[in-house]
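Participant: The residues making up each chain are set out below.
There are 2 protein chains.
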Amino acid sequence: MKKISRRTFNTTLTLGLGMMVNAPKACAVQKRADKKLGIALVGLGSYSTYQLAPALQETTHCRLAGIVTGTPEKEQKWAEKYNLPKESIYNYDNFDTIAKNDDIDIVYVVLPNSMHADFCIRAAKAGKHVICEKPMAVSVAECDAIIAACKKAGVKLSVGYRLHSEPYTKELMRIVKEKTYGEVRYVAADAAYNSRGNPNQWRLDKALSGGGALMNMGVYSIQSAIYGTGMNPTSVTAQEFSTRPEYFKDTDETITAQFEFPNGAVGNIFTSHNANINRHFSTFDKGWVELNPANNYGPLSGRTSDGKVLEFPHQSQQGLQMDDFSKHIMQGTPNVAPGEMGKRDMIIVEAIYQSIKEDGKKIPLDLGMMGIV
Amino acid sequence: MKKISRRTFNTTLTLGLGMMVNAPKACAVQKRADKKLGIALVGLGSYSTYQLAPALQETTHCRLAGIVTGTPEKEQKWAEKYNLPKESIYNYDNFDTIAKNDDIDIVYVVLPNSMHADFCIRAAKAGKHVICEKPMAVSVAECDAIIAACKKAGVKLSVGYRLHSEPYTKELMRIVKEKTYGEVRYVAADAAYNSRGNPNQWRLDKALSGGGALMNMGVYSIQSAIYGTGMNPTSVTAQEFSTRPEYFKDTDETITAQFEFPNGAVGNIFTSHNANINRHFSTFDKGWVELNPANNYGPLSGRTSDGKVLEFPHQSQQGLQMDDFSKHIMQGTPNVAPGEMGKRDMIIVEAIYQSIKEDGKKIPLDLGMMGIV
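Sequence lines, in order, name chains P and S. With the numbering used here applied, the first sequence corresponds to residues 2 to 374, in that order. With the numbering used here applied, the second sequence corresponds to residues 2 to 374, in that order.
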């Protein structure tokens, strides 16, 4: 992905605002319920290329309708591959004119984390519904700005938490909610991979990523600790570990964190760019549920203490996610991963970094039921 | 188990010393290698009753030869059940006369933790080899005293770490040692059970147990974090959680701890008397190994990232453990769980409590290769 400086983006944003005078608002809601909503992908990195675009060939309620890219050579390639009309192909300079494009209902922002806020806000101002890839932003303040912009524009907002639409994860949520195995007492949420590639990738550049393992994989751990207990944590303590500072120049390599939940359950979080692990474990008074893998692109795998092996047919998680959001827009079904959930997780991320900064001090969290689904 | 005050024990110890003048030293080592060593169990609680005594009916290199109990009604019952001669039945007052009993080669101390040191030292002074149930004692100073007493008496000393003789655990150790899946990066070690019974049991009485979940189940987590990486940790941070202070009056309910290992691997420890979990997970550059259950009485169960299901025939873990120690005595095979290992773990226990006391401060550990097998 081509790097674009913050200065360039801010300039673009200012220009964009000037173009927005006659932008239509929430055009999608007027569409017929049987119509597929048009999605424009912003940022054509590997996630858009290998996950989102292919998924959008199989979705029921939405389709790939446009792209926004800073790399000119991708324009033609994608146009041909996905039969995209020329007028639905944008770059970062003319992005805001997307407001005039009735074929685009949803803008999916798949840029590096530090660019999420700018583009989500611009998408909202263009009157488009917004999917913001996880993590929602690089600060709680940015999350607030995105939420406010979407509210003001009257558009729907979702975070790219695809697992809320994923059947193994939904089965875990069901077990937690229905207390199939009784009261939850402990959750272990490990999400990590061993990064040995290009040390200059954007995920390892704090200016673009906002942080390292925690911002990337740790958000999965936070998510699964919460849906694996059905509660928001009331406090967090955290620790950081570093073994390759020459590679992880300014982002966190490994973080552990401990959550307290309202019923006394404890959450144990491990996230790292220095180990391969992808696992969820919830234990209850009368049994346990395990997912391993728990948060890769699937198929996931799971089992329970009474010998059950979870088995669901595999479908693209991203496809299910985008269909869920489209149904939310068209049919009023629940928004399974609203912006408030992304903000809640960013509050926790900031608390974890704060605890680390204060040598593992316990940071109280006042999240209430915010973002619980 | 009948409670015996520290004062009573000290008095008994003093009396005992007076009887020891002509105690034979390390009588077992002179025995023929094909003879079964005689073991006396000290303390006839549930572990002796349901695990050790039955195991000793099937062991190859040792046998149940005597008992030491503070409960007179157990004397006759055990004598009949196990055909024990009257002269091999002791109480806590006459225990030290065991020195004269050539039929007893090993004394296995299965008393509450705070009594381990007294009885291990008395057993050593009586010239008997010693197995000390885990945790070895309630302080590092007591571990030192036990080790010194055994050294002085020329007897062998082992801690009741039965898993070092257990096939699933040994397979994990082999995988770690041979780097079957490459370099280890992370280990999760969860050992906990949900205590809802008598709040006055000795395990929940700090004067007898020395501590709560950490002293009881946490020692398994410490052990498995170490044999699951093949290294001793270089630092530890820890946190304590409490939800039922009325039940856990003066012992820890739940503790999490984080280990750093020399190669940068991280260990994540969870131990509790408020959750059911019994699990080990080691992840390496090229795969992972999981045991679940990992440290109950078995049979254990395990699997690896490449789809292997570990399968070993079930044998009594305690039987294997006591046979291993007997072979060590008679044949000079390695002592797989020496006193130094128990002391190392107590150093870590004390560091964990210290970290908690200092609000999660990182406590450096200088263990070198101590106790690694």
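There may be inaccurate statements among the hints.
The list treats identical chains as one, so a pair stands whether inside a single copy or across any two.
[To be verified] In the EDC-like style, the derived pairs of lysine to aspartate or glutamate whose C-alpha atoms are separated by at most 16 Å in a straight line are:
| no. | residue 1 | residue 2 |
| --- | --- | --- |
| 1 | K362 | E241 |
| 2 | K250 | D103 |
| 3 | K363 | E241 |
| 4 | K207 | D104 |
| 5 | K36 | E59 |
| 6 | K328 | E359 |
| 7 | K87 | D103 |
| 8 | K207 | E74 |
FYI, nobody ran anything at the bench for these hints, they're computed from the structure.
Participant: Each hint should be assessed against the structure and marked as holding or not.
Facilitator: Here's how the hints hold up against the structure:
When the C-alpha separation of K362 and E241 is checked against a cutoff of 16 Å, the pair qualifies both within a copy, at 12 Å, and between copies, at 12 Å. Taking identical chains as interchangeable, the C-alpha atoms of K250 and D103 are never at most 16 Å apart, the minima being 44 Å within one chain and 67 Å between chains. With identical chains, the CA atoms of K363 and E241 are at most 16 Å apart both within one copy (14 Å) and between copies (11 Å). Taking the shortest Cα distances, K207 and D104 never come within 16 Å of each other, neither inside one copy (35 Å) nor across copies (70 Å).
For a Cα distance limit of 16 Å, the shortest separation of K36 from E59 inside one copy, 14 Å, qualifies, whereas the shortest one across copies, 73 Å, does not. In this homomeric assembly, K328 and E359 never come within 16 Å of each other (Cα to Cα): the closest approach is 44 Å inside a single copy and 51 Å across copies. Taking CA atoms no more than 16 Å apart as the test, K87 paired with D103 passes inside one copy only; the shortest distance there is 14 Å, against 97 Å between copies. Neither within a single protomer nor between protomers do K207 and E74 lie at most 16 Å apart by alpha-carbon distance, with minima of 27 Å and 71 Å respectively.
Hint compliance for this structure: hints 2, 4, 6 and 8 are not met, and every other hint is.
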